[in-house]
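So the sequences go chain by chain: A and B.
Going by my numbering, the first sequence wraps up at 390, each residue one higher than the last.
Going by my numbering, the second sequence wraps up at 677, each residue one higher than the last.
Quick caveat, the hints were computed from the structure, so don't treat them as lab data.
Yeah, the Cβ is synthetic: ideal placement off N, Cα and C, and Gly gets one too.
Check before you lean on any hint, since a few could be wrong.
Claimed, not checked - With a straight-line cut-off of 30 Å between C-alpha atoms, the simulated DSBU-like cross-links for lysine-lysine are: (1) A:Lys331 to A:Lys387; (2) A:Lys290 to B:Lys666; (3) A:Lys112 to A:Lys76; (4) A:Lys331 to A:Lys290; (5) A:Lys76 to B:Lys666.
Stated by the list, open to error - Restraint ranges, calculated between C-beta atoms of paired labels, are given here: (6) A:Arg238 to B:Ala656: 48 to 56 Å; (7) A:Ala129 to B:Lys666: 36 to 44 Å; (8) B:Lys666 to A:Ala234: 54 to 62 Å.
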Amino acid sequence: MQAHVLSDARLVRQAGRFVWLSIDSERERNAGFLARFPTSGYPTFYVIDPEAEEAVLKWYGSAGVKQLERLLDDGLLALRAAGGSGPDQALARADRLGAAGKVEEAAAAYREALARGGAAWSRRPRAVESLVMALLLAERAEECAAAALSEGAGLAAGSSRANALANGLSCALDAEGDPPWRAAAIRKLEPLVRGASRVPGLLADDRAGLLDVLARAREQAGDAPGARAVAERLWRLLQAEARRTPSAELRASLDSYRVSAALALERPALAVPALRASEKALPGDYNPPYRLAILYREMGRDGDAVAAADRALSRAYGPRKLRIYDLKASVLEHQGNRAALEATLAEAVAYAGSLPEVQVQGGVRRIVERMRARLEKARG
Amino acid sequence: MRSLLLAALLGAWLALPAPAAAARGGLPWVRDDYAAALSRARARKVPIVVDVWAPW
Chain A
11 MQAHVLSDAR LVRQAGRFVW LSIDSERERN AGFLARFPTS GYPTFYVIDP
61 EAEEAVLKWY GSAGVKQLER LLDDGLLALR AAGGSGPDQA LARADRLGAA
111 GKVEEAAAAY REALARGGAA WSRRPRAVES LVMALLLAER AEECAAAALS
161 EGAGLAAGSS RANALANGLS CALDAEGDPP WRAAAIRKLE PLVRGASRVP
211 GLLADDRAGL LDVLARAREQ AGDAPGARAV AERLWRLLQA EARRTPSAEL
261 RASLDSYRVS AALALERPAL AVPALRASEK ALPGDYNPPY RLAILYREMG
311 RDGDAVAAAD RALSRAYGPR KLRIYDLKAS VLEHQGNRAA LEATLAEAVA
361 YAGSLPEVQV QGGVRRIVER MRARLEKARG
Chain B
622 MRSLLLAALL GAWLALPAPA AAARGGLPWV RDDYAAALSR ARARKVPIVV
672 DVWAPW
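From just these sequences and the hints, can you work out the full model?
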């Protein structure tokens with residue numbers, strides 16, 4: 011997103027309308043901001059009213075330049091709209107509720123806005139996208155998948171339709187307990203997402219994200235050849251993007267997909283040259299050596315994996331560093347290097363203790379607990 | 622690539638409708654400093670756009 015959209019010269023015309031704040035979620039100094047404005051994923055955009063210090067619009071995920079400009083307009087609308095019965099005012103209320111974390115109430119307000127706006131309402135695609143996202147965040151899986159079908163499928167081809175359908179499919183795939191509605195929802199949504207993934211003009215990371223969801227759908231269906239076909243398609247997309255992309259930063263922005271595609275194809279070595287090129291071009295970035303360590307581990311090159319993890323650790327900061335420790339520990343365990351394993355785990359646990367509480371939540375907390383247990387075991 | 626907002630430009634920037642950094646082809650991002658962004662937004666009476674991101 012940063013590499014693809016936020017550097018676009020067309021956004022300069024928006025510069026004077028806002029103050030622009032970039033928050034690196036891994037930096038300790040941003041813990042206070044993140045405690046006040048929590049988020050469930052990255053990137054997340056906020057439009058914040060500086061007088062009330064309240065978010066009036068919150069947007070998860072990437073956006074193209076035009077879509078981002080519309081979101082900025084909607085942020086101003088949410089800031090200024092008070093009362094009123096039109097669809098724009100209903101959307102503004104929904105956005106404010108969503109930004110305040112009241113996702114169930116936001117979903118109801120998005121439905122109200124859609125009902126008032128009708129089929130020709132210019133903000134309909136974004137409102138549908140936000141409705142499906144609100145239901146996803148509210149963990150209303152059945153309603154999320156249903157809204158993707160009833161509202162998303164009817165949108166014109168483009169990123170809003172694609173994202174609404176993909177999020178609906180994700181809701182169905184992730185629904186707990188295999189409820190009775192799930193299979194039918196997947197059966198309807200998967201071909202729609204497949205079709206949406208072939209529409210021209212999508213952002214590369216949006217298209218890669220759609221293929222990621224489609225691969226999950228094939229895996230869940232037990233269709234290994236189908237999952238492999240999707241991974242091959244993703245790999246071809248990434249290769250084509252690499253050929254047409256002028257900068258190392260732009261190429262590296264898709265490296266996580268390169269790793270997941272190579273692993274899905276059970277050919278981790280495929281992605282090594284691209285990751286080595288990224289590390290050479292971006293020497294201060296911990297991500298390329300971290301991803302190389304993952305690939306080397308899968309290739310059984312334990313020594314190279316440890317060396318790459320050490321390079322990543324020397325550049326890393328924030329909670330992500332704990333994942334690198336965890337990766338290194340897994341390789342040392344495989345090597346049977348008990349002394350180095352114990353030292354690595356002790357360093358990781360001490361590092362975790364130095365982070366603010368807000369940075370050690372959810373999956374990161376589970377990693378720390380796992381490493382602490384392994385350390386106690388290693389110490390006997 | 623985002624342009625860093627240089628502290629030295631701050632005084633002039635507060636008074637301009639389009640920041641100097643923007644003229645060089647990028648948005649004038651305030652990096653990792655919510656308090657500074659808040660104070661500038663209040664002074665200029667404009668909202669804050671925040672990009673919360675992770676370097677991975």
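Going through the hints against the structure:
With a C-alpha separation of about 22 Å, the suggested pair Lys331 of chain A and Lys387 of chain A falls inside the 30 Å cut-off, and the hint holds. Annotation: proposed proximity of Lys290 of chain A to Lys666 of chain B is violated, straight-line Cα distance about 44 Å (limit 30 Å). For the suggested pair Lys112 of chain A and Lys76 of chain A, the alpha carbons sit about 27 Å apart, so the restraint of at most 30 Å is met. In summary, the hint linking Lys331 of chain A to Lys290 of chain A is supported, as the alpha carbons are separated by about 20 Å, within the 30 Å threshold.
Restraint check for Lys76 of chain A and Lys666 of chain B: satisfied, since their Cα atoms lie roughly 25 Å apart, inside the 30 Å limit. The hint said 48 to 56 Å for the Cβ distance between Arg238 of chain A and Ala656 of chain B, and at roughly 50 Å that hint holds. Checked against the hint of 36 to 44 Å, the C-beta distance between Ala129 of chain A and Lys666 of chain B comes to roughly 37 Å, which is consistent with it. For Lys666 of chain B and Ala234 of chain A, the Cβ-Cβ distance of about 58 Å falls inside the hinted range of 54 to 62 Å, so the restraint holds.
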